[in-house]
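Given the structure of chain G, go ahead and fit chain R onto it with the hints provided.
Single-letter residue listing:
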Amino acid sequence: MEKPMLSMKNISKAFNGITVLDSVDFSVEKGEVHALMGGNGAGKSTLMKILTGVYSADQGEIYIDDQLVEIKNTDDARKNYISMIFQEFSLIPTLTVAQNIFLTREDKTSFGLLNDKECVEKTRKLLQELEVDIDPDELVGNLGVGYWQMTEIAKALSQETKILVMDEPTASLTKKETKILFSFINQLKSKGYAIIYISHRMDEILEVCDRVTILRDGKHVATEDCKQIDLDMVIQYIVGSSMNKAFEWKEREYATDVAPVLEVKNLSLGSKVQDVNFNLYPGEIVGIAGLMGSGRTETVSAIFGTGPKDSGDISVNGQPVTIKNATDAIKAGLALIPEDRRVQGLVLEHSVKDNIILPILSKMQKGLFIDNKKADKVANDFVKKLNIKTDDIYKTTNLLSGGNQQKIVLAKWLANDPAVLMLDEPTIGVDIGAKTEIVDVVRELADSGKAILVISSELPELLALSDRILVMHEGRIIKEMQRREVNTEEELQHAIQGF
Amino acid sequence: MQSKDSNLNDTVVVGSHTVSRKKTFDWRNYIVYFAFIGVIIYFSVTLHDQGFVSTDNLLNIIRQTAMISLMGLAMTFVISTGEIDLSVGSIAALSSLTAALALQAGYGMIGGVAVGLGTGLLVGLVNGLLLTKLGIPSFLVTLATLGTVGGLAMWITDTAPVPIVDATFNFVFGSGDIGPIPILLIWTIVATIIAHLLLRKTSFGRQTLATGGNESAARFSGVNTQRIKLLVFLGSGFMAGFAGLLYAGRMHAGRFTFGQGDELSVIAAVILGGTSLFGGVGTVIGTVIGSLMIGTINNGLIIMGLDVSQQMMIKGLIIILAVAFGRKAIKR
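Chains as they are written, first to last, in this note's numbering: chain G, 1 to 499; chain R, 1001 to 1332.
Isolated chain G, as found in the complex:
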């Protein structure tokens, strides 16, 4: 075995006393594509952020070519030939491809002025070498997502690089673009780059990677040769043996012989959402499972009118409805709690009460003014009902924990009494205690007759909540499973991988 080009030894990191990485070892060889896998919160991105200098480790050493190096910031990472491919983070849409690639490192003429011609020529050569057909003079803002990413990679390679980190590089790519990327990765490999490939997609990892390292709960679980493993082994490693007891599934009773509350027919959006059909019954919790980029978020935003759609019919309580924007959707009795609640769900500088009553202000009015007594009562009711931990309803929401903020978002939408509640990654970024509480609240809501659609990448959570699970893959619903038919997380993992 060759000596590793990069080796991270005994890396530990904790945030606010919570261990995220626990003595993790990780190494990559020259000319190797090494996959890094693990469930959400396993510590993959924290490990990579330590490597690229975004965070610093509490403990542990990093060696590059057997030399101990210290990576304190992103500049140090660059000096040690480590590049990370950010998704859409480091390109400027208003500059051209060539201007982006050589930003801050432009060639100069003898007068000290920018030599754009030289940069364009170098870019053209670089892109040719990488066999990517992009016009160096094109504005990056005019490029498609796939080319955006290749520009990003070209930028990383235009400076001296040995180690390249790619985080879910295919998430927003089409099949064809993925193919191009893979032949590209193989080429980089043969040129001796060490590539760290973070992904949830096992078919891709088996196709393009040499070895795979699996993390679980901040610990190193296994490093295996990709030729000697199969899907089942990997799933076993990722899931582990201990299922979280807090996420136990309870079989729930609800009537299925009634009319569906939400009917979605032939919903399509380019290649992202293709001919999606499903019904949702009162009191039912339906989970949507799938990989990043499988079209889950696009589906719910198309239903809710916050995202585009090409075609599709939506009926609520048997009535066809036209939904062009969120206002239409709310009127029709739908609610969507988006993934990024800090941006889209809450006015963080406002109080708990102000956030809760925001969507129902018109109902809180007495003449011209807001009936504060009534508003206080509504807010207090929700705080009690959802067990929101706050000193009082006047506290500003950014002082509350993530879980409690999420509950306020829930309250905000419940105040309007929707018939259908759609949740996109409801427990992302909340601690385990708040997670179980949110799970309980969602169950109670379903028991009270609301139909609920949940998107989650955390399979234990999805399995605990759902009565029925739809599996999406490349924009289609490829499988529908009754929860009682699913015995293990492994089964669901299999389905999600699209095998």
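Quick caveat, the hints were computed from the structure, so don't treat them as lab data.
Beta carbons: idealized from backbone N, C-alpha and C, even for Gly.
Among the hints, erroneous ones may be present.
Partner residues aside, some chain G positions facing chain R, computed with beta carbon under 8 Å [as the list claims (entries may be wrong)]:
no., residue
1, S90
2, L91
3, I92
4, P93
5, L114
6, V321
Positioned in the frame of chain G, the structure of chain R alone reads:
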């Protein structure tokens, strides 16, 4: 024409290996040039008998717009980073006074110029530091300095104008003509060339556009965005100070009313020229044309017999039209 929507659709269907190379002619990029030509033709026809097209009048337009153009050049950089500087008019007023006072006190021409420009740089520095170190939005910072510096300009001489008797100063900074060419035109041309090269041909210019195009991406790419912002505000202060010198030289005095309300014209010229208020896209030549166009309209309106109040209303309308028509949605 390329709208945000068509871009989005493209990314959905792009599956082919070749990028669609759509170098379509986007008329929005050139609207100011067409508009400028249109305005000139309109006034040439309607005001022909009142002497709009006479050389004297055209040179007059250039004299009147020089200060706006010069401040607009620096403002182009400020707006390209996605920031704004509302304090330029007040800085010009204060600089005209400090320069006049320095001349009066016998510091000589070089002393007067240094004090005037220094005044501008100092206010620009304060603006830039408040923005970058304290994180106060530039809109608020410069709104505050607009008031503070404007007040200072009134207070420093108790609203009295300060006459300037230095003939060389008056000649070089505003009043002089070299042959038939007003010296203000020379200043405008020289500054425009420098600013154009700076924006298009230097790392500073490129990084200015990058900062406004996507600040976090620029930072990830190694651009010191805070430093860039500080520099563009220094530049804006400096040019406002320079405009103050030109006002002083042209009027043979320093006075607190010089430059008053210029921020409106300057910002209008920049936006009209095609620089994006959202940052990332800037054009120096466009700014100068925008400034000339506003000057031409003002001039035409005066000849037509409209008064200042009507000019102001029309200027406001022009800004709204410019932003509405020139608005280019940029995909982040």
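Evaluation of the provided hints:
{"no.": "1", "hint": "S90", "verdict": "4 Å, holds"}
{"no.": "2", "hint": "L91", "verdict": "6 Å, holds"}
{"no.": "3", "hint": "I92", "verdict": "4 Å, holds"}
{"no.": "4", "hint": "P93", "verdict": "6 Å, holds"}
{"no.": "5", "hint": "L114", "verdict": "5 Å, holds"}
{"no.": "6", "hint": "V321", "verdict": "23 Å, violated"}
Hint 6 from the earlier list is the only one contradicted by this structure; the remaining hints agree with it.
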